[in-house]
Amino acid sequence: MKTEKTNTLKERIAIVNGLRTPMAKAGGKFARMQADQLGAVLFRELMMRSPVDVDEVDEVIIGNVAQPIHAANIARVIALRAGFPEHTPALTVHRNCASGMESITTAVSRIHAGEGKIYACGGVESMSNIPLVYSEKMTNLFSKLAGSKTALDKVRALFGFRPGFLKPIVGLMSGLTDPVSGLLMGSTAEVLAQDFGISREEQDAFSLASHQKASAAKASGRFAKESMAVVYDEYIGEYLDYDDGIRDNQTIEKLARLKPFFDRKNGTVTAGNSSQITDAAAGVLLMSESEAKSRGLEPLGYLRDYAYEGLDPKRMGLGPVFATHTLLKQTGLGMKDIEIMEINEAFAAQVIACEKAFASKDFAEMHFGERKAVGAIDPEILNVNGGAVALGHPVGMTGTRLVLTVLHELRERGLQRGLATLCIGGGQGAALLLEVE
Amino acid sequence: MKYFNLKKDDRGIATLTFDTPDSNVNVLCFDALYELKHLLSEIQIQKEIKVLFIESAKEDIFIAGADINEIKAFKDESIVKEMLSKGQEIFNLLESLPFITIAVIDGACLGGGLELALACDYRIATNDVHTRIGLVEVSLGIIPGLGGTQRLMPLVGFTKAIELITASKRLKGDKALKLGVVDASVPSGYLEFKKEEFVKEIFSGMLDHKIQQRRKGVKWYEKFLVVRTFIAQMACRQIEKKTGGHYPAPLKAVDVLEESFDKTLNEGLQIELREFLTLSTGKISKNLIELFFTSEKLKKETFSKAKSKTIHTAGVIGVGTMGSGIAWALSAKDIPVRLKARKMSSIAKATAKMMKNFEALKRRGRLSDREIGLKMDRVTYTTGVDGLSNIDMMIEAVSEDRTVKHKVFEELEAVLGKDAIIATNTSSLGITELVKEMKYPKRFVGMHFFNPVAKMPLVEIIAGEKTSGKTVATVVQLAKRLGKTPIKVGECAGFLVNRILLPYLNESAKMFEEGESVERIDALLEAFGMPMGPFTLADEVGIDIGEKVSAILYEAYAERMKPSALLEQMTAKEWLGKKTGTGFYTHKGRKKTLNSQLEMLRSKKVELKENTILDRAILIMVNEAARCLEEGVVDNARYLDMAMVMGTGFPAFRGGLLRYADAEGLESIVSRLSTLETEYGERFAPASSLVEMAENNKRFYP
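Chains as they are written, first to last, in my numbering: chain A, 12 to 448; chain B, 1413 to 2114.
The following block holds chain A by itself, in its conformation from the complex (with noise of 0.2 Å):
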């Protein structure tokens, strides 16, 4: 039997200031860029515009899910690239979709530990550069022939090989395939569509709702006030501002068109109501509430405590619901607590699944033992901005923005407390309680 946790964190951690790129659509504007070179330009910004100087900062903690192989643990590159001192140590952690929350958990555990003292922390993640990979075949075909000694040898390897050989392994959709339920996300998405009877013109629905609302956020000038511009191509200057997914004039007609993608056949999920592969890079700044306090600092906002939730893999959909149920009772508090609240978008159908399991008893009652829903969400006070079916969902990343825009919005309305939430692939979901002085 796992541990229950039922003490909540004894101090809260403050986010003392953050900053993302803007999100860009894979194989865009970011294409050129890698990951590292990403980060380095987020978290360069980032110590930039932050009271505190880069000596100062402890460990550099960086959540990336598809890690370059030029840039083995990815966090200290970045770090040295964004001028961290080379004493500084620098750590690549991976939660899959949470890494970018990991990231920021993490050094929350180390700064409880009275290891260190302040963290700079984030996501990253270049979907745009994720590699074809050799098969297995083609592989070993290359070691045979490195192995042959004689020219003799490498016409005999040469001959072994076959044409199909060549055909790559796409990576990134190795990447998003389970390997223990062999399911591709898309259709971890469809398992609840059925679970849920979420029917396609639903799950559209909530995909328009998504660019609508993230249209207006970013006319509003909403999302510029966390995220920065970046310059992606120095050779012939050209910069981007704002999140190229999002749809200014969306249609429901539009989505509708679209055929599923990952059950062709019967299948309600479609590219339209999924979230879109983005490139970005998103960071933050950590320290205790009292240090913060005692360098007379006014934080972004505060982390109050966080969970992580192990599920069915096949339903990993529904992990903010799980995590979101642990971190409550952890901390005491209830669904009407919570003034704003994030999930990220993976996909509609999964997003839908979990307000209904949230407000189903038959849901916390075979799942939790109780008798009661974990909680209705207020429709109000989700994603209130949109999410990654407008904005995009670079997986490493994601965790770090959904911190930011929980906060920022708790800000905009002057209210005290939010959740940011998501499920991660392999059936883990996650779940950030976040306050506002």
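Rather than coming from a laboratory, the hints here were simulated on the basis of the structure.
Given the structure is predicted, the values throughout are model-derived calculations rather than measurements.
Treat each hint with caution, since some may be false.
To spell it out: a stretch of chain A is covered by chain B in this simulated footprint if at least three of its residues, at any positions, have a beta carbon under 8 Å from a beta carbon of chain B; those stretches are [claimed, not checked]:
# : segment
1 : 47-59
2 : 87-95
3 : 193-199
Positions of the beta carbon are idealized from the N, C-alpha and C atoms, including for glycine.
Starting from the known structure of chain A, arrange chain B on it as the hints suggest.
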């Protein structure tokens, strides 16, 4: 022994260490040479010596070259001939020692230093950054005179010898190994291992065979006279194109190599010596050496007794041509730089300009993509005020407009830390006046870069009345870190360089108005040695900018700088020079032809005397320079000359503007100015200091 120490071990390995007393450099003065001679004649009969290493005790320096003070003093050809012959004999003695000699080069090995190393049997170099190997005499207007031309050619071949000597190339260890100048190149940490390896191979008799195989020497085709003649001609043509034929040394170097190719060493040494004598006693070499001394002096100059503060992060506000150039200079030297502009599009364009400069370095093999990436990583930007409180300094390069600059300064004072320095890249506005309403005027300073920043080495530093010594010391140090030469100048309108240069442009415009031809004036001044004629320069700078600055100077200096009406007329017609495609010339790509409509701006045509044109253009500058010196706008004539050479390309072979005046004779200058005054007006009235100096027979360079 004063300069050298000799040690021997029981294996017969002797080590001769060059260690100039009370100095952290080794230069090859004649004193040291004579001591070397004495030493060598002593040890040449010592049978127990098998190997002699020649090393330096100085950090980062093997031998930095000959003693330039001695070269500067060369006057009488027959005396020089005697000294140099002796020197050549000493190196001949070194070459003929009965045991193996090896130069161990861990540091600068230049000029005479390399000539010494070349007289050894072998050379081991380190591949560290401080190791630079080359015959650099040509840059001082002379050629190698101690056998350098003769001993380099057999190692690297005819063509390469020409290339290395005429361009004064400084090679890294690995490159020197590749070309055959040295026989080994190792990291300095492995130097002792390499020496031991050489010793073992010498004892086993393997070394010479191995090394002779490696050395390529003269190429087979270079043995044909026709081929050599062709190569030499091509080289000379290229040199003339580059130098305008004003610098004889590289051409003489080619001649020497060509003439001595199939001669014996001794005959070759005679040829080398013959040319060395004329060059080293000639005017041009003296001028170049003076400039070299001035640049050495400037390297040590701080212009302020206060302690400087190190700039860790600098900002640049206004990212046009100048701003992006300055930002590039900072990032190229790995100084984090924050760009600030109103629009992101300007910032993005600025990064493209910076990348152009980096790309140029990449094409020349100086930087890799990885290195460029790391440098560009240090560039951050903002359109707001974020992060500005974290920078140590802001360099302002917004448009040259008092009101605009004022507003920018106010904004900056509101966000920058109060210790942060604010430097303005103004080219003409006085600092005191510009910042009199600011809260902390002592942090304001002028830092006038020249366009294009990547190429122009001069930075004029201007202190306002309230500028602190620390501020001056800091920007002087920063400019040096950028690889620039900072020179502190007075706060007068136009500062130093523009104040002197503008009358020259103005006078040229007046000559045009009087009816003289644009092309003739340009050609004459190019022949004088200016990198481009005044009208070509005006087109480069921009006619409108010229007009603006003239107006400011007219306001400050009244009648003598009354601008020609021409610039105004051209500005009205949008003939702004290269940037609009039309100015004095019509520009198409890289080609320029005379602007055919220019004639409508004047009514007559005259042909002035050549001397009149040159005197009107040059002496008006000499006159203004004398005034600047008189007013203390610059510390001394040397600095003024260096500023003009670096800031305007005034011909270095003439040693600078005032050195040119010295050469002409101040009496002659004053009388020519007086003649011009009678004919063309008051603006030529000789400056009082000039008149006084001429009367007392004084010179700018004593």
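Each hint, compared with the structure:
{"no.": "1", "hint": "47-59", "result": "holds (count 6)"}
{"no.": "2", "hint": "87-95", "result": "holds (count 3)"}
{"no.": "3", "hint": "193-199", "result": "violated (count 0)"}
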